[in-house]
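On the provided structure of chain X, position chains H, P and B with the ligands as indicated by the hints.
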Amino acid sequence: MADPRIGIIDKRLEKVKRVIAVSSGKGGVGKSLIASTLALTLSQKNRSVGLFDVDFTSPSTHIILGIQNVKPKEEKGLIPADAHGIKYVSIINYSGEEALPLRGADVSNALIELFAITRWETLDFLIMDMPPGISDATLDMIRFVKKIEFLVVSTPSQLAFETVKKLLKLLLELKVPLVGVVENMKMKESNFVKTHVEALDVPFLGEIPFDPKVEEAFGNANALVNTVFAKRLTDIALKVFP
Amino acid sequence: MADPRIGIIDKRLEKVKRVIAVSSGKGGVGKSLIASTLALTLSQKNRSVGLFDVDFTSPSTHIILGIQNVKPKEEKGLIPADAHGIKYVSIINYSGEEALPLRGADVSNALIELFAITRWETLDFLIMDMPPGISDATLDMIRFVKKIEFLVVSTPSQLAFETVKKLLKLLLELKVPLVGVVENMKMKESNFVKTHVEALDVPFLGEIPFDPKVEEAFGNANALVNTVFAKRLTDIALKVFP
Amino acid sequence: MHEWALAEAIISSASKIATQEGLKEVIEVKIKVGELQQVEIDILEFALSELKKDIFKNAIFTIETVKAELKCRICGHQWVFSKDKLDVDSAEAIHFVPETAHAYIKCPRCGSPDFEILRGRGVWLESIRGVK
Amino acid sequence: MHEWALAEAIISSASKIATQEGLKEVIEVKIKVGELQQVEIDILEFALSELKKDIFKNAIFTIETVKAELKCRICGHQWVFSKDKLDVDSAEAIHFVPETAHAYIKCPRCGSPDFEILRGRGVWLESIRGVK
Ligand SMILES: Nc1ncnc2c1ncn2[C@@H]1O[C@H](COP(=O)(O)OP(=O)(O)O)[C@@H](O)[C@H]1O
Ligand SMILES: Nc1ncnc2c1ncn2[C@@H]1O[C@H](COP(=O)(O)OP(=O)(O)O)[C@@H](O)[C@H]1O
Ligand SMILES: [Mg+2]
Ligand SMILES: [Mg+2]
Ligand SMILES: [Mg+2]
Ligand SMILES: [Mg+2]
Ligand code: NI
Ligand code: NI
Ligand SMILES: [Zn+2]
Ligand SMILES: [Zn+2]
Chain X
4 MADPRIGIID KRLEKVKRVI AVSSGKGGVG KSLIASTLAL TLSQKNRSVG LFDVDFTSPS
64 THIILGIQNV KPKEEKGLIP ADAHGIKYVS IINYSGEEAL PLRGADVSNA LIELFAITRW
124 ETLDFLIMDM PPGISDATLD MIRFVKKIEF LVVSTPSQLA FETVKKLLKL LLELKVPLVG
184 VVENMKMKES NFVKTHVEAL DVPFLGEIPF DPKVEEAFGN ANALVNTVFA KRLTDIALKV
244 FP
Chain H
4 MADPRIGIID KRLEKVKRVI AVSSGKGGVG KSLIASTLAL TLSQKNRSVG LFDVDFTSPS
64 THIILGIQNV KPKEEKGLIP ADAHGIKYVS IINYSGEEAL PLRGADVSNA LIELFAITRW
124 ETLDFLIMDM PPGISDATLD MIRFVKKIEF LVVSTPSQLA FETVKKLLKL LLELKVPLVG
184 VVENMKMKES NFVKTHVEAL DVPFLGEIPF DPKVEEAFGN ANALVNTVFA KRLTDIALKV
244 FP
Chain P
12 MHEWALAEAI ISSASKIATQ EGLKEVIEVK IKVGELQQVE IDILEFALSE LKKDIFKNAI
72 FTIETVKAEL KCRICGHQWV FSKDKLDVDS AEAIHFVPET AHAYIKCPRC GSPDFEILRG
132 RGVWLESIRG VK
Chain B
12 MHEWALAEAI ISSASKIATQ EGLKEVIEVK IKVGELQQVE IDILEFALSE LKKDIFKNAI
72 FTIETVKAEL KCRICGHQWV FSKDKLDVDS AEAIHFVPET AHAYIKCPRC GSPDFEILRG
132 RGVWLESIRG VK
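Residue numbers (the numbering used here), protein chains in the order written: chain X, 4 to 245; chain H, 4 to 245; chain P, 12 to 143; chain B, 12 to 143.
The shape of chain X in the complex, shown without the other chains (with noise of 0.2 Å):
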């Protein structure tokens, strides 16, 4: 008759202001980089922020942010762990070291899953950090989350924009609200992903350089925040989101 987790999910971010998806179409674009920063960020400058890690079968956030043995707390659902001040909810608390293997059917259920049970506090901000293609993920965010906004993220190769142009097109189509589009791990100086964005009507963002020392950051907050990388993106997101 009835799925009944589908109808909840609507509630369960009643309480967040804006939930940022944070896409690109393309891999290893930097998207969980961008989002996780992005929440670090975003909450040291006294934001109240969320960020939920949706890369089922790859997730990446914890690594970057350094955030080991904390666990979502079970009362009346799960309510998201704490880590750096960000409320954090990721699928690594549950698949460990195992190799999630999940079909997209499998990718959508435990999306909606995560989604009913999850019990977001007041947030002015909710991250998700995408996987990529356009697939299942992508789809059922538009599909549930009415407030749903995207940052698309692409880097200045051909290869990246071709399929963030093609992410763009959907979204401006299905009317889905666009924050705009990052480009990231910027080398030289060219103007062809800012030209194509603008003449899509869509905002352009601003750029971040490539930055050799940001790895070597992953796992230690207080140093990722401090990275050129970090800076860069605080700046566009201080622009972006006053």
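A few of these clues could be false.
[As the list claims (entries may be wrong)] To give an idea of the chain B side of the interface with chain H (calculated C-beta under 10 Å), a few residues:
(1) 23
(2) 69
(3) 114
(4) 122
(5) 125
Note that these hints are calculated values from the structure, not bench results. Ideal Cβ placement from N, Cα and C applies to all residues, glycine included.
What follows is chains H, P and B with the ligands alone, placed relative to chain X:
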């Protein structure tokens, strides 16, 4: 009663000696660039080679190799196009500029369809460019293609290797043949990936440096084979596929 | 104890359907609970009894447990899930996110994690009976 | 003309089933063909008649066309596919890979490409009748 397509897949690959899935779990590690360049370089060394772009929601190989205006022919099935001497099939011939949002079940169905109708001729190698994630495409390759072998790509990054490790564990557990692991986009010395790969008893095939010029060569097969990237990949390929 | 969250979802979903069907009072709500997720029936029942009000005040919630049947996509083998074969942590993971089963359960015949959950996953609203 | 490849797949699949069931001669093979893929029935029939031999020599291949029904996952709208609304290239793409429908067809009510193909996709072996 039965889906007639599935039983014919083996027959369609009957004349193909080796089927190599270039895979990773992680996105953006260079799967598409390696798959495309590997196909090109093996073909130039007089091997008969096919290239099948299986990243349906973000196909890239046609951009890397500059394949335009060639199309599979219809003749009692689909006859792969000929591009730079490579037998080539990509969904781009059918999806074009449009976004192709596919759920996992659709990816699976499209994969089965293309396998069932494509007549690969006698080939030494059929290279498959896989999507990121450990999901439908990976699971179906294991399920339907008896002679599949995985060539796994990582970068030096912890984030990439974390997912690669999970994929390797899965393949080892399922006894799926593994050609080995290539470490791509190397920027500085480190033994992190090599050590961990060898600890799993998986062949470490070699390193490919980050090549800032490779992107300029996209679309031009002659320029591409002359990049530092292609030369290092060719060294590895000749060693691994003598 | 996330049974409480599931109970809320059931009541909320049942309310919507009752409204659609123009019910003034609900007499019975039938629920199916899959064994894979090992929902604690007692707690679910308690939560439902605490949460029911308004048109649900006198409603009876009937809970049926459904065996979890899994089918391997590789070899076709079909089997019934038994939690006794799982350690505590894996069972807990599956309790929260049944799909993590693909990390902990393998086909007993061929060892593949590529299986389908035919039935017995999660919580399902089966039917609602009431007075218009 | 990739109908030929589908015909081969049908014969090959039917053979396997006939062997499993111990059939010495096949009398009838029922096939369903979905409209979404716009398989040319004439060509499929011709290919089947050219390819049939051995235990299939006297078999009749009955082909039933199934209307393609699509259902939107966003708004729930259900509709029947009509190829008249497609341009030639899109129709050709869907002919080869029915899933490319998600690039060319949108829900007529809400515009979403996130729809399910309920039926009428591809070629399906329905039943085999024969003599043991
Ligand atoms: N601005 C940057 N400078 C240097 N390295 C970066 C930058 N952004 C991302 N990376 C690196 O690129 C790789 C991919 O980033 P990741 O966040 O995992 O991407 P995605 O989530 O899109 O797959 C990681 O190794 C990460 O450390
Ligand atoms: N060795 C390399 N040197 C420089 N750039 C590379 C190298 N390998 C890959 N790239 C670039 O990295 C990005 C991701 O590569 P791609 O082949 O698309 O990865 P995937 O298919 O794994 O997503 C592309 O922009 C590509 O040009
Ligand atoms: Mg990521
Ligand atoms: Mg790729
Ligand atoms: Mg499953
Ligand atoms: Mg579909
Ligand atoms: Ni619980
Ligand atoms: Ni045809
Ligand atoms: Zn099995
Ligand atoms: Zn619709």
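If any of the earlier hints don't hold here, list their numbers in rising order. 2 and 4
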